[in-house]
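Colleague: Residue numbers (this note's numbering): 1 to 272.
Hints are not guaranteed to be accurate.
[To be verified] Simulated pairs of lysine to any residue, SDA-like, Cα-Cα distance not exceeding 25 Å: (1) 113 x 102; (2) 55 x 20; (3) 70 x 38; (4) 86 x 113; (5) 236 x 38; (6) 236 x 256.
I should point out that these hints are in silico values taken from the structure, not numbers from a laboratory.
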Amino acid sequence: MESRSMLMMIENHLSNEDYHTKYLEYFSATFGKKSWLEGLNHARNSHVNLSAEIKEIGDGVHAAVLEEEKDLLRRGTNRRGTKEWKQLEEEAYLDGKILLKDSTYDEVMLMAKSLQDNTACAQFLNHPERVNESSIFVEHPVGVKMRCRPDLYIERGGIICDVKTCQSVVPKKFLRDAMQLGYPIQAAWYKTCLELAGMQVSQFHFLCVQKSQPYTSQLYTVSADMMQWGIQQVNKIILSINEAQETDTWPNSWPDQVMMDLPAYLKGDEEI
Numbered sequence: 001m002e003s004r005s006m007l008m009m010i011e012n013h014l015s016n017e018d019y020h021t022k023y024l025e026y027f028s029a030t031f032g033k034k035s036w037l038e039g040l041n042h043a044r045n046s047h048v049n050l051s052a053e054i055k056e057i058g059d060g061v062h063a064a065v066l067e068e069e070k071d072l073l074r075r076g077t078n079r080r081g082t083k084e085w086k087q088l089e090e091e092a093y094l095d096g097k098i099l100l101k102d103s104t105y106d107e108v109m110l111m112a113k114s115l116q117d118n119t120a121c122a123q124f125l126n127h128p129e130r131v132n133e134s135s136i137f138v139e140h141p142v143g144v145k146m147r148c149r150p151d152l153y154i155e156r157g158g159i160i161c162d163v164k165t166c167q168s169v170v171p172k173k174f175l176r177d178a179m180q181l182g183y184p185i186q187a188a189w190y191k192t193c194l195e196l197a198g199m200q201v202s203q204f205h206f207l208c209v210q211k212s213q214p215y216t217s218q219l220y221t222v223s224a225d226m227m228q229w230g231i232q233q234v235n236k237i238i239l240s241i242n243e244a245q246e247t248d249t250w251p252n253s254w255p256d257q258v259m260m261d262l263p264a265y266l267k268g269d270e271e272i
């Protein structure tokens, strides 16, 4: 699954760092989600600053379940910033490894085990035909360049899987959080990119694991209705990006003046 052209590029061996620092003229699913949630101005000009611990957990779980054979994880001390930590950090960087705090390492291993012990998740994580972390670069028909990096793709069946570390995998909480974080937009963005690259997409699954005890894992499948809705939103986002590029104007998604009204849930209250 290796291809190059002016309109499409599929890289199976591009590092995560290179994906996020090169080809920046291609808009990512993160940009699409931010546009939908907060508008083009915020998507273009704000920066995501993850705490070291959150980044370690996310990177660690992905490495443990998607690149287990590479043995990428290193156990560090429990105190960042010390002389010992800095030395371990430098050694890990030179060796291409991911250094985790001692306690974080144990948590990551438990989360990875939970995903592997979940048969619904494991069937994809261990699928013999899976391709992990390919980088897809395409140009939309309107001229907007798009990119994505599916955690896992299985050509037979057109299956995309994305690994998520979550606050909660309890359905009621997760589904609310998923909308607030723009997960349907991500799924639709990936589907759009892959289909523009000539790849079939019939299923999209989120392989989720809770970041706190009992580290429960759960498979969530994006429904046809949710995917269709997501595609509609992505199409709107792409058109707005195209217009912004043509006019060099990246607006907010709300007017300059907004009425501060009483929330609907308070309108029926009577004064006591």
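Colleague: Take the hints in turn and mark each one as holding or not.
Modeller: Here is what the structure says about each hint:
1. For the suggested pair residue 113 and residue 102, the alpha carbons sit about 17 Å apart, so the restraint of at most 25 Å is met.
2. Our distance criterion of 25 Å between C-alpha atoms is met by residue 55 and residue 20, whose separation comes to about 14 Å.
3. With a C-alpha separation of about 38 Å, the suggested pairing of residue 70 with residue 38 is violated against the 25 Å cut-off.
4. For the proposed pair residue 86 and residue 113, the alpha carbon gap of about 29 Å is over 25 Å, so the pair is violated.
5. A threshold of 25 Å between alpha carbons decides the hint, and for residue 236 with residue 38 the separation of about 14 Å falls inside it, so the pair holds.
6. In summary, the hint linking residue 236 to residue 256 is supported, as the alpha carbons are separated by about 21 Å, within the 25 Å threshold.
The structure fails to meet hints 3, 4 from the earlier list, while all remaining hints are met.
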